[in-house]
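*Asks:* Below, each chain spelled out in residue letters.
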Amino acid sequence: MESMDLQTDVLVIGSGAAGMVAAKAASAEGAKVILADKSVVGRGGATVLAQMTVAAALGEAEEDHPDIHFEDTMKGSRGLADPDIVRAIVDRAPELINELEGYGVKWARTAEGIRSQVVAPGHSRRRCVYVDILNTGGATSAGLRKAIWKEPNIKRLKNVMITKIVVQDGRAAGAIGFAFEQMKPVRIKAKAIILATGGLTEMYARNSASANMTGDGFVLAAEAGAELRDMEMVQFFPIAHLHPPLVGLDPIMWDPFRYKLGGRLLNGLQEEFMDKYNNEVSGVYTAARDQTTFAIFSEVKAGRGSPHGGAYLDFRMVPEQKLKEAFGPVIDILARQGVDLTRDMVEVAPMAHFTMGGVKVSPRMETTVPGLYACGELIYGMHGANRLSGNALTEAFVTGRIAGEQAAGAKELTPWPDAIFDDEFERLRQFWHPREVQRDDVPMLALKRELQHIMWEGAGPLRTEDKLAEAERRLGELRGRLAQAALARTSSYALSLVEKLELDHMIKLGEAIVAGARMRKETRGAHVRLDYEQTDEQPASIRYVLTNEHTWRLDSVPLSGSSSAAKGVE
Amino acid sequence: MSRITLHITRGDAYSVQRIETFEVPYREGMSLLDALLWVREFRDPSLSVRYSCRSANACKECMASVNGKSGYLCSIRAVEDTEVLIAPVPGLPLIKDIVTSIE
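Sequence lines, in order, name chains A and B.
With positions in the first sequence counted from 1, the corresponding number in the working numbering is that position plus 1480.
With positions in the second sequence counted from 1, the corresponding number in the working numbering is that position plus 7.
The shape of chain A in the complex, shown without the other chains (with noise of 0.2 Å):
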């Protein structure tokens, strides 16, 4: 089969915001730039579906620094956060704002001319700017192709997944990979490495994320050689949607209009809960996203969950004008699908969100791995955990700029022999076609469904040890036959080849995430051990690293945070 050889001088991989900045940022240095992406470019991942807020201390709405934001997240991360990281983000946030609005990211901007910021559960201060209806994270990728496609410098390459990274006299040297619209092995030789493939969210069965992310970065990370921290800390969004089911809208989309609109959280005997884990005020929200999850998954867990397992969500106190004018279209989509939100309430339950561990990385995005970067919901550093709303995006641009601006000052391109490339094809091929078969001989779907189920019961919101070693038992079973299915043999758009490669990547992570949460005896953010309910007094990070044998290494990191931060206190 022929392949497509190129060659360049900084490979991003993904091409969500992080991707997109970390690409514009490269180029702009005069760096020569191949932009690949699994899916199309600037639409997959978890960009497109950011609606929220992105926060910065631009002190317009109020006086703020970047000193404040530090500490806000500081705190919010439950002693877990990389200061250095948090440092490095916060303080060139307010020039990413501007950037972004120099591609044509329109900000909200108040009447008197102002950017528009908003308070978010554990800002201290209006902080968080936005665009217009729920459009924050369209608008973003919408500024971001514009600014990519008119590049030059930039060669964007979809739906091409990469399967190794090259790591040639101790450098990252380049990529292989396979296009799959028309079937063909892919080789890039560069300079520079840029991972910004997002997040692992697909790997449970209630998720707010793209299908497409599928954690392959730290998969490609880790197989290179880098260090990763805290994979256990996946964030839950507390209040997802649940029921009734509706088609063309995000699962997260209430979160906004709670905040703007005072929504009340409803166990199933329609009484008010929040006051009693978090002395929430009823109408005002307050409560990080681990408390609110916690708090909803006790009230099931007693017995006063909904019908369906969550929790109501009641807006039926708001005067109709009022709820109109925050839910803008919504509420006729809404409208056409049955439900009025006078005289309704939704059931809403905790997805999983976010990954706030990941590859380990210096202030200037660097991995453990010489030439090879990461920046984006790839590295872990910001959130420890608990992720504040509105600092995903923060850490995606300014990281991406980072990454970027580091990668362009690579000088040499490492030579790398062809059999290298040669093997992978011919694990690769082994891995696909272990026997010729006509058509899967297991569809991928189903496995998939198997494995985000495990996760879901094994190692979700609140874990314990027992559900935690059936997980792992479960994991080991799965991928038995994963190894053992056989995929046919396709020349246009071979899905089942990727989704094969995904489940391999998400097995080996949920293998990697049991095992962290299981060494970690405490309960701290999104972590919740129900057989250890206490927060140790010394915060600690799990660092992972993966061995030859392809089995995860785990060991403990102590860190220097206080307790207080540590416990989350408000």
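These are computed hints drawn from the structure, not numbers from a lab.
Any given hint could be a false lead.
Stated by the list, open to error - Computed cross-link-like contacts, DSS-like style, restricted to lysine-lysine with a CA-CA straight-line distance of at most 30 Å:
#1 A:1669 <-> A:1891
#2 A:1512 <-> B:67
#3 A:2001 <-> A:1928
#4 A:1756 <-> A:1781
#5 A:1626 <-> A:1664
#6 A:1928 <-> B:67
#7 A:1512 <-> A:1644
#8 A:1626 <-> B:67
#9 A:1512 <-> A:1664
#10 A:1630 <-> A:1891
#11 A:1928 <-> A:1664
#12 A:1512 <-> A:1630
#13 A:1626 <-> A:1891
#14 B:67 <-> A:1664
#15 A:1586 <-> A:1802
#16 A:1644 <-> B:67
#17 A:1586 <-> A:1626
#18 A:1512 <-> A:1586
#19 B:67 <-> A:1630
#20 A:1664 <-> A:1988
#21 B:67 <-> A:1635
#22 A:1635 <-> A:1664
#23 B:67 <-> A:1586
#24 A:1586 <-> A:1635
#25 A:1928 <-> A:1947
#26 B:67 <-> A:1804
#27 A:1804 <-> A:1586
#28 A:1626 <-> B:76
#29 A:2001 <-> A:1756
#30 A:1781 <-> A:1928
#31 A:1740 <-> B:67
#32 A:1669 <-> A:1635
#33 A:1988 <-> A:1947
Please read these numbers as outputs of a predicted model, since none were measured by experiment.
With chain A's structure known, arrange chain B on it following the hints.
*Replies:* Using the frame of chain A, we list chain B on its own:
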């Protein structure tokens, strides 16, 4: 049990296009994309469909021709006991089945 019937255009740039019919169990609130993913999971994993955000009408990847009209599969509700014609969007280069080349 109520169901929906999908008539789906199959084939790639190298083969003759044909229509294949699948019966899919109906579930309240399911989208046409959900119905196609059911086919991939339970009947024919070789059916190709482009999708990413799945239900949010955000990524705009799942565009197809539905009963002769272009739309996004994730945002169209399946209707119980109906037949639906699903084909690639005309005028875009065909990759396979209902997947076309988009930027």
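*Asks:* Determine for every hint whether it applies to the structure shown.
*Replies:* Against the structure, the hints come out as follows:
no., hint, verdict
1, A:1669 <-> A:1891, "holds, 13 Å"
2, A:1512 <-> B:67, "holds, 29 Å"
3, A:2001 <-> A:1928, "holds, 29 Å"
4, A:1756 <-> A:1781, "holds, 15 Å"
5, A:1626 <-> A:1664, "holds, 28 Å"
6, A:1928 <-> B:67, "holds, 23 Å"
7, A:1512 <-> A:1644, "holds, 21 Å"
8, A:1626 <-> B:67, "holds, 16 Å"
9, A:1512 <-> A:1664, "holds, 23 Å"
10, A:1630 <-> A:1891, "holds, 25 Å"
11, A:1928 <-> A:1664, "holds, 25 Å"
12, A:1512 <-> A:1630, "holds, 14 Å"
13, A:1626 <-> A:1891, "holds, 28 Å"
14, B:67 <-> A:1664, "holds, 25 Å"
15, A:1586 <-> A:1802, "holds, 24 Å"
16, A:1644 <-> B:67, "holds, 29 Å"
17, A:1586 <-> A:1626, "holds, 14 Å"
18, A:1512 <-> A:1586, "holds, 29 Å"
19, B:67 <-> A:1630, "holds, 21 Å"
20, A:1664 <-> A:1988, "holds, 26 Å"
21, B:67 <-> A:1635, "holds, 22 Å"
22, A:1635 <-> A:1664, "holds, 17 Å"
23, B:67 <-> A:1586, "holds, 21 Å"
24, A:1586 <-> A:1635, "holds, 26 Å"
25, A:1928 <-> A:1947, "holds, 19 Å"
26, B:67 <-> A:1804, "holds, 26 Å"
27, A:1804 <-> A:1586, "holds, 23 Å"
28, A:1626 <-> B:76, "holds, 28 Å"
29, A:2001 <-> A:1756, "holds, 25 Å"
30, A:1781 <-> A:1928, "holds, 27 Å"
31, A:1740 <-> B:67, "holds, 28 Å"
32, A:1669 <-> A:1635, "holds, 14 Å"
33, A:1988 <-> A:1947, "holds, 18 Å"
Hint compliance for this structure: every hint is met.
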